[in-house]
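A.B. asks: Take the sequences, apply the hints, and build the full model.
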Amino acid sequence: MKGYVIVDGIKTAINDAKNLLEVIRSAGIELPTFCYHSELSTFGACRMCIVEDDRGRIMTSCSTIPYDGMVVYTNTPRLRKYRRNILELLLANHDRDCTTCIKSSRCKLQELALTMGVRDVRFENITEKKPVDRSSPSIVRDPNKCIMCGECVRMCEEVQGVGAICIANRGASIEVVAAYGKPLAESNCVNCGQCRSVCPTGALTIKNDNKDVWDAINDPKKRVIVQIAPAVRVAIGEEFGEAPGTEVMGRLVAALRKMGVDEVYDTTIGADLTVTEETAEFIARVREGKNIPLFTSCCPGWMQFVKTKYPELLPNVSTCRSPMEMFGVVIKEYFKDADKEEDRQTVNVAIMPCTAKKAEAALPEFTTDAGRDVDFVLTTQELCMMIKESGIQFAELSEEAADMPFGLGSGAGVIFGVTGGVTESVIRQVSNAHSKETLRDIAFTPVRGMNGIRELSLEFEGQTLRVAIVNGLKNADMLIKKLKSGEVSYDFIEVMACTGGCIGGAGQPLPQTSEVREARAKGLYGADSVAQIKRSEENPTIETLYNGLLKGKEHILHVPGRH
Amino acid sequence: MATIDLTVVDDIIREHQSNKQNIIAILQDVQKVFRYLPEEALNHISVKLDMTPAKIYSIATFYENFSLKPKGKYIIRICDGTACHVKHSIPILNALKKKLELDDGKHTSSDMLFTLETVSCLGACGLAPVMMVNDTVHSKVTPEYAEQLIDKIRAEEA
Numbered sequence: 080m081k082g083y084v085i086v087d088g089i090k091t092a093i094n095d096a097k098n099l100l101e102v103i104r105s106a107g108i109e110l111p112t113f114c115y116h117s118e119l120s121t122f123g124a125c126r127m128c129i130v131e132d133d134r135g136r137i138m139t140s141c142s143t144i145p146y147d148g149m150v151v152y153t154n155t156p157r158l159r160k161y162r163r164n165i166l167e168l169l170l171a172n173h174d175r176d177c178t179t180c181i182k183s184s185r186c187k188l189q190e191l192a193l194t195m196g197v198r199d200v201r202f203e204n205i206t207e208k209k210p211v212d213r214s215s216p217s218i219v220r221d222p223n224k225c226i227m228c229g230e231c232v233r234m235c236e237e238v239q240g241v242g243a244i245c246i247a248n249r250g251a252s253i254e255v256v257a258a259y260g261k262p263l264a265e266s267n268c269v270n271c272g273q274c275r276s277v278c279p280t281g282a283l284t285i286k287n288d289n290k291d292v293w294d295a296i297n298d299p300k301k302r303v304i305v306q307i308a309p310a311v312r313v314a315i316g317e318e319f320g321e322a323p324g325t326e327v328m329g330r331l332v333a334a335l336r337k338m339g340v341d342e343v344y345d346t347t348i349g350a351d352l353t354v355t356e357e358t359a360e361f362i363a364r365v366r367e368g369k370n371i372p373l374f375t376s377c378c379p380g381w382m383q384f385v386k387t388k389y390p391e392l393l394p395n396v397s398t399c400r401s402p403m404e405m406f407g408v409v410i411k412e413y414f415k416d417a418d419k420e421e422d423r424q425t426v427n428v429a430i431m432p433c434t435a436k437k438a439e440a441a442l443p444e445f446t447t448d449a450g451r452d453v454d455f456v457l458t459t460q461e462l463c464m465m466i467k468e469s470g471i472q473f474a475e476l477s478e479e480a481a482d483m484p485f486g487l488g489s490g491a492g493v494i495f496g497v498t499g500g501v502t503e504s505v506i507r508q509v510s511n512a513h514s515k516e517t518l519r520d521i522a523f524t525p526v527r528g529m530n531g532i533r534e535l536s537l538e539f540e541g542q543t544l545r546v547a548i549v550n551g552l553k554n555a556d557m558l559i560k561k562l563k564s565g566e567v568s569y570d571f572i573e574v575m576a577c578t579g580g581c582i583g584g585a586g587q588p589l590p591q592t593s594e595v596r597e598a599r600a601k602g603l604y605g606a607d608s609v610a611q612i613k614r615s616e617e618n619p620t621i622e623t624l625y626n627g628l629l630k631g632k633e634h635i636l637h638v639p640g641r642h
Numbered sequence: 008m009a010t011i012d013l014t015v016v017d018d019i020i021r022e023h024q025s026n027k028q029n030i031i032a033i034l035q036d037v038q039k040v041f042r043y044l045p046e047e048a049l050n051h052i053s054v055k056l057d058m059t060p061a062k063i064y065s066i067a068t069f070y071e072n073f074s075l076k077p078k079g080k081y082i083i084r085i086c087d088g089t090a091c092h093v094k095h096s097i098p099i100l101n102a103l104k105k106k107l108e109l110d111d112g113k114h115t116s117s118d119m120l121f122t123l124e125t126v127s128c129l130g131a132c133g134l135a136p137v138m139m140v141n142d143t144v145h146s147k148v149t150p151e152y153a154e155q156l157i158d159k160i161r162a163e164e165a
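These protein sequence lines are chains G and B, in that order. So for the first sequence, my numbering puts the first residue at 80; every next one is plus one. So for the second sequence, my numbering puts the first residue at 8; every next one is plus one.
None of these hints come from the bench; they were simulated from the model. You may find that some hints are simply not true.
Said to hold, decoys possible - Below, computed lysine-lysine pairings styled on PhoX-like, alpha-carbon distance capped at 25 angstroms:
#: 1; chain 1: G; residue 1: 182; chain 2: G; residue 2: 286
#: 2; chain 1: G; residue 1: 388; chain 2: B; residue 2: 94
#: 3; chain 1: G; residue 1: 261; chain 2: B; residue 2: 62
#: 4; chain 1: G; residue 1: 208; chain 2: G; residue 2: 187
#: 5; chain 1: G; residue 1: 553; chain 2: B; residue 2: 159
#: 6; chain 1: G; residue 1: 301; chain 2: G; residue 2: 286
#: 7; chain 1: G; residue 1: 209; chain 2: B; residue 2: 76
#: 8; chain 1: G; residue 1: 560; chain 2: B; residue 2: 27
#: 9; chain 1: B; residue 1: 80; chain 2: G; residue 2: 561
#: 10; chain 1: G; residue 1: 601; chain 2: G; residue 2: 613
#: 11; chain 1: G; residue 1: 561; chain 2: B; residue 2: 55
#: 12; chain 1: B; residue 1: 62; chain 2: G; residue 2: 563
#: 13; chain 1: G; residue 1: 261; chain 2: B; residue 2: 159
#: 14; chain 1: B; residue 1: 78; chain 2: G; residue 2: 386
#: 15; chain 1: G; residue 1: 209; chain 2: B; residue 2: 55
#: 16; chain 1: G; residue 1: 208; chain 2: B; residue 2: 76
#: 17; chain 1: G; residue 1: 261; chain 2: B; residue 2: 94
#: 18; chain 1: G; residue 1: 208; chain 2: G; residue 2: 261
#: 19; chain 1: G; residue 1: 386; chain 2: B; residue 2: 55
#: 20; chain 1: G; residue 1: 560; chain 2: B; residue 2: 78
#: 21; chain 1: G; residue 1: 300; chain 2: G; residue 2: 388
#: 22; chain 1: G; residue 1: 388; chain 2: B; residue 2: 78
#: 23; chain 1: G; residue 1: 561; chain 2: B; residue 2: 62
#: 24; chain 1: B; residue 1: 55; chain 2: G; residue 2: 553
#: 25; chain 1: B; residue 1: 27; chain 2: G; residue 2: 261
#: 26; chain 1: G; residue 1: 388; chain 2: B; residue 2: 27
#: 27; chain 1: B; residue 1: 80; chain 2: B; residue 2: 39
#: 28; chain 1: G; residue 1: 563; chain 2: B; residue 2: 55
#: 29; chain 1: G; residue 1: 261; chain 2: B; residue 2: 55
#: 30; chain 1: B; residue 1: 76; chain 2: B; residue 2: 39
#: 31; chain 1: B; residue 1: 113; chain 2: G; residue 2: 209
#: 32; chain 1: B; residue 1: 55; chain 2: B; residue 2: 106
#: 33; chain 1: G; residue 1: 208; chain 2: B; residue 2: 113
#: 34; chain 1: G; residue 1: 386; chain 2: G; residue 2: 369
#: 35; chain 1: B; residue 1: 39; chain 2: G; residue 2: 560
#: 36; chain 1: G; residue 1: 369; chain 2: B; residue 2: 39
#: 37; chain 1: G; residue 1: 563; chain 2: B; residue 2: 27
#: 38; chain 1: G; residue 1: 553; chain 2: B; residue 2: 27
Note that the coordinates shown come from a computational prediction; the quantities given were computed from them, not determined experimentally.
C.D. replies: Here is the structure:
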């Protein structure tokens with residue numbers, strides 16, 4: 080749509096904006112919203128974005144199509160009063176334990192109540208306190224803090240294609256629940272946590288495991304080993320005033336050492352192992368022509384999705400453990416003898432951008448009699464809390480290098496954190512890419528980018544192999560349907576559950592917009608550019624591992640019985 | 008819980024062209040057969056129509072007419088619209104609640120014969136107070152009449 084809207088007396092171009100709200104925001108006026116998210120469908124439920132036209136009609140700007148010559152006011156006394164009333168009513172049956180709420184100071188409801196001038200709530204809270212759902216290993220759902228904006232429901236359905244939660248009942252008894260009102264853990268939830276990354280209040284939060292990790296750090300009998308995933312290093316700085324995409328691995332290592340962690344390693348090593356194993360598996364399957372296409376197995380959200388929705392595809396999923404779990408088992412193996420000698424216990428802590436990793440670490444296939452291969456998973460956000468709790472001034476830290484022997488990863492391992500990264504690393508390996516030119520050629524194929532589904536082809540031993548790269552589970556679902564109908568066919572399919580890959584994981588700092596995700600991706604590609612080792616198999620650590628610790632034991636890097 | 012016959016559900020889905028746009032009609036027909044919406048049936052529909060169980064649950068809980076709990080063989084609807092209300096519909100409701108040993112949270116009698124509901128208007132105000140037992144309309148009902156009707160049905164069912 081072309082033309083102009085007069086916003087508070089200022090002529091503002093429509094410029095094909097999809098709704099009036101976008102036009103108003105382009106005029107520099109930040110209308111408040113709870114239920115509007117540019118990446119989701121329009122809901123029009125919270126009524127905070129109301130505007131008044133020149134005839135005194137009130138409308139929600141998010142669900143109004145702008146037209147040329149439209150005259151709207153965004154800040155009349157009537158609108159201000161209505162917005163305050165809405166907030167007051169929302170607060171009336173809200174659990175207002177703000178001071179102890181984990182979302183305090185990041186809560187949209189709190190923020191808007193403050194900015195809109197709600198100083199008193201005239202209504203008594205007559206709602207009965209509902210039980211908090213702590214069944215999920217990743218997400219805590221507190222219905223007493225839900226304001227029914229429906230963001231989580233639409234995220235789960237529209238972007239993730241999971242649809243684990245819904246808005247049930249209506250009127251006063253309306254609530255967000257899993258099907259049949261069951262606990263989240265009994266639903267088809269894949270633990271991706273994207274619901275929590277759009278929740279404006281403390282209704283959906285990350286299950287916090289900080290206490291367990293502190294206890295381990297403070298126990299001299301425990302050897303606390305921390306591994307840091309690639310995507311964390313380009314996002315955690317955001318919580319400490321850095322621009323999205325700033326690579327802060329050095330400072331992160333320094334902070335963890337200050338906190339009292341024994342060893343700090345880089346999950347990139349795990350990624351390098353994954354590339355090596357998965358490439359070998361892929362080549363073997365292509366040569367045999369068996370169980371093609373090969374789906375990647377790094378992403379726990381995707382793994383849970385395929386297990387529950389498409390179990391018949393499991394033989395096509397790589398048997399490789401995820402980088403975190405490969406690394407976890409290697410670390411436990413590495414310290415086995417030392418633990419016995421020193422009478423200590425190795426505790427593996429993984430810092431991940433992801434809430435689903437918490438669920439992955441608890442799976443029986445990654446647990447032995449000696450306990451879990453990865454004992455605790457902390458999301459980027461939880462680590463931020465621990466750093467702040469310790470009083471460490473992150474901005475002032477000097478950079479430190481990760482510990483050897485597991486502190487040096489390849490560039491191929493680093494880019495695992497972004498959609499297409501696994502594929503690019505595997506292609507580097509398959510095509511024996513060594514020269515700068517070849518590496519650059521690979522980077523310019525659709526392997527990089529943020530589109531939900533990307534395709535490319537690859538020459539290998541006289542065959543043309545078809546590759547698909549998918550991010551967002553809804554896209555994966557669509558692709559699988561096309562695959563099943565025979566509309567498309569591929570040899571290799573990379574799936575990452577979250578938009579943009581791990582950099583957009585639900586454990587990362589908020590808010591996560593497409594600009595933030597792109598900056599983080601750029602950060603990872605930058606880390607790859609400066610890495611001296613580009614290909615996983617050229618990483619000397621990997622070679623040492625295969626000739627030593629892993630000799631004759633390569634099977635520990637795989638999940639048995641996935642075929 | 009005894010497993011239900013899913014072929015009936017399949018037939019219903021087929022009658023509605025396996026089209027998810029007909030979900031409400033499908034749920035109505037399923038409820039007609041089982042007198043409520045069994046979880047197993049909803050899960051089956053969710054697979055057949057490629058809808059999530061949560062979505063179907065959302066629809067099923069939105070409409071007053073759908074029930075996820077088993078209902079009685081006889082559904083008694085007492086009209087409590089304005090006309091029926093002033094013609095003393097509440098005493099009928101109270102009498103039946105007592106007779107069937109129901110309360111605010113329990114709408115179905117323990118013998119699974121009766122479910123008691125109120126409706127806002129049955130559109131037969133001239134016959135107030137009105138009560139429906141399944142598809143039969145009873146007019147100018149008194150509490151005594153309603154109680155006798157229960158006895159009569161119970162005797163027939165015994």
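A.B. asks: All hints are to be evaluated individually against the structure, with a verdict given for each.
C.D. replies: Going through the hints against the structure:
Between residue 182 of chain G and residue 286 of chain G, the direct Cα distance comes to roughly 12 angstroms. Compliance with the 25 angstroms bound is thereby established for this hinted pair. As the CA atoms of residue 388 of chain G and residue 94 of chain B are separated by approximately 55 angstroms, the hinted pair breaks the 25 angstroms bound. In summary, the hint linking residue 261 of chain G to residue 62 of chain B is supported, as the alpha carbons are separated by about 14 angstroms, within the 25 angstroms threshold. Proximity of residue 208 of chain G to residue 187 of chain G is assessed by CA-CA distance (about 21 angstroms); at most 25 angstroms being required, the pair is judged to hold.
Annotation: proposed proximity of residue 553 of chain G to residue 159 of chain B is violated, straight-line Cα distance about 56 angstroms (limit 25 angstroms). Taken as a hint, the residue 301 of chain G and residue 286 of chain G pair is honoured in the structure, with Cα atoms around 23 angstroms apart against an allowance of 25 angstroms. The straight-line distance between the Cα atoms of residue 209 of chain G and residue 76 of chain B is roughly 21 angstroms, inside the 25 angstroms bound, and the hint therefore holds. At most 25 angstroms may separate the alpha-carbon atoms for a hinted pair to count; residue 560 of chain G and residue 27 of chain B meet this at roughly 17 angstroms.
Straight-line distance between C-alpha atoms of residue 80 of chain B and residue 561 of chain G comes to about 45 angstroms, which puts the hinted pair past the 25 angstroms bound. Restraint check for residue 601 of chain G and residue 613 of chain G: satisfied, since their Cα atoms lie roughly 16 angstroms apart, inside the 25 angstroms limit. Taken as a hint, the residue 561 of chain G and residue 55 of chain B pair is honoured in the structure, with Cα atoms around 17 angstroms apart against an allowance of 25 angstroms. Using a Cα cut-off of 25 angstroms, the hinted pair residue 62 of chain B and residue 563 of chain G holds, with the two alpha carbons roughly 24 angstroms apart.
The suggested pairing of residue 261 of chain G with residue 159 of chain B is violated, with an alpha-carbon distance near 40 angstroms, which exceeds 25 angstroms. Taking the CA atoms of residue 78 of chain B and residue 386 of chain G, the gap is near 35 angstroms; set against the 25 angstroms cutoff, the hint is violated. Straight-line distance between C-alpha atoms of residue 209 of chain G and residue 55 of chain B comes to about 34 angstroms, which puts the hinted pair past the 25 angstroms bound. Restraint check: the Cα-Cα separation between residue 208 of chain G and residue 76 of chain B comes to about 24 angstroms, which is no more than 25 angstroms; the hinted pair holds.
Restraint check: the Cα-Cα separation between residue 261 of chain G and residue 94 of chain B comes to about 43 angstroms, which exceeds 25 angstroms; the hinted pair is violated. For a cut-off of 25 angstroms, the pair hint linking residue 208 of chain G to residue 261 of chain G stands: about 17 angstroms separates their Cα positions. For a cut-off of 25 angstroms, the pair hint linking residue 386 of chain G to residue 55 of chain B stands: about 18 angstroms separates their Cα positions. Only pairs whose Cα atoms come within 25 angstroms are accepted, and residue 560 of chain G paired with residue 78 of chain B is rejected, the gap being roughly 38 angstroms.
Proximity of residue 300 of chain G to residue 388 of chain G is assessed by CA-CA distance (about 43 angstroms); at most 25 angstroms being required, the pair is judged violated. Proximity of residue 388 of chain G to residue 78 of chain B is assessed by CA-CA distance (about 32 angstroms); at most 25 angstroms being required, the pair is judged violated. With a C-alpha separation of about 23 angstroms, the suggested pair residue 561 of chain G and residue 62 of chain B falls inside the 25 angstroms cut-off, and the hint holds. About 18 angstroms separates the Cα atoms of residue 55 of chain B and residue 553 of chain G, which keeps this hinted pair within 25 angstroms; it holds.
Our distance criterion of 25 angstroms between C-alpha atoms is met by residue 27 of chain B and residue 261 of chain G, whose separation comes to about 24 angstroms. For the hint linking residue 388 of chain G to residue 27 of chain B, the alpha-carbon distance of about 19 angstroms falls within 25 angstroms, and the restraint holds. As the CA atoms of residue 80 of chain B and residue 39 of chain B are separated by approximately 11 angstroms, the hinted pair is consistent with the 25 angstroms bound. Among the hinted pairs, residue 563 of chain G with residue 55 of chain B is consistent with the structure: their alpha-carbon atoms are about 16 angstroms apart, no more than 25 angstroms.
Between residue 261 of chain G and residue 55 of chain B the alpha-carbon distance is near 22 angstroms, which keeps this suggested pair within the 25 angstroms criterion. For the given pair, residue 76 of chain B sits about 13 angstroms from residue 39 of chain B by alpha-carbon distance, which is consistent with the 25 angstroms threshold. With a CA separation close to 21 angstroms, the supplied pair residue 113 of chain B and residue 209 of chain G stays within the 25 angstroms bound. Between residue 55 of chain B and residue 106 of chain B the CA atoms are separated by roughly 42 angstroms; this puts the pair beyond 25 angstroms, and the hint is violated.
Annotation: proposed proximity of residue 208 of chain G to residue 113 of chain B holds, straight-line Cα distance about 22 angstroms (limit 25 angstroms). At roughly 20 angstroms between alpha-carbon atoms, residue 386 of chain G and residue 369 of chain G fall within 25 angstroms of each other, so this suggested pair holds. For a cut-off of 25 angstroms, the pair hint linking residue 39 of chain B to residue 560 of chain G is broken: about 33 angstroms separates their Cα positions. Restraint check: the Cα-Cα separation between residue 369 of chain G and residue 39 of chain B comes to about 49 angstroms, which exceeds 25 angstroms; the hinted pair is violated.
Restraint check for residue 563 of chain G and residue 27 of chain B: satisfied, since their Cα atoms lie roughly 20 angstroms apart, inside the 25 angstroms limit. In summary, the hint linking residue 553 of chain G to residue 27 of chain B is supported, as the alpha carbons are separated by about 18 angstroms, within the 25 angstroms threshold.
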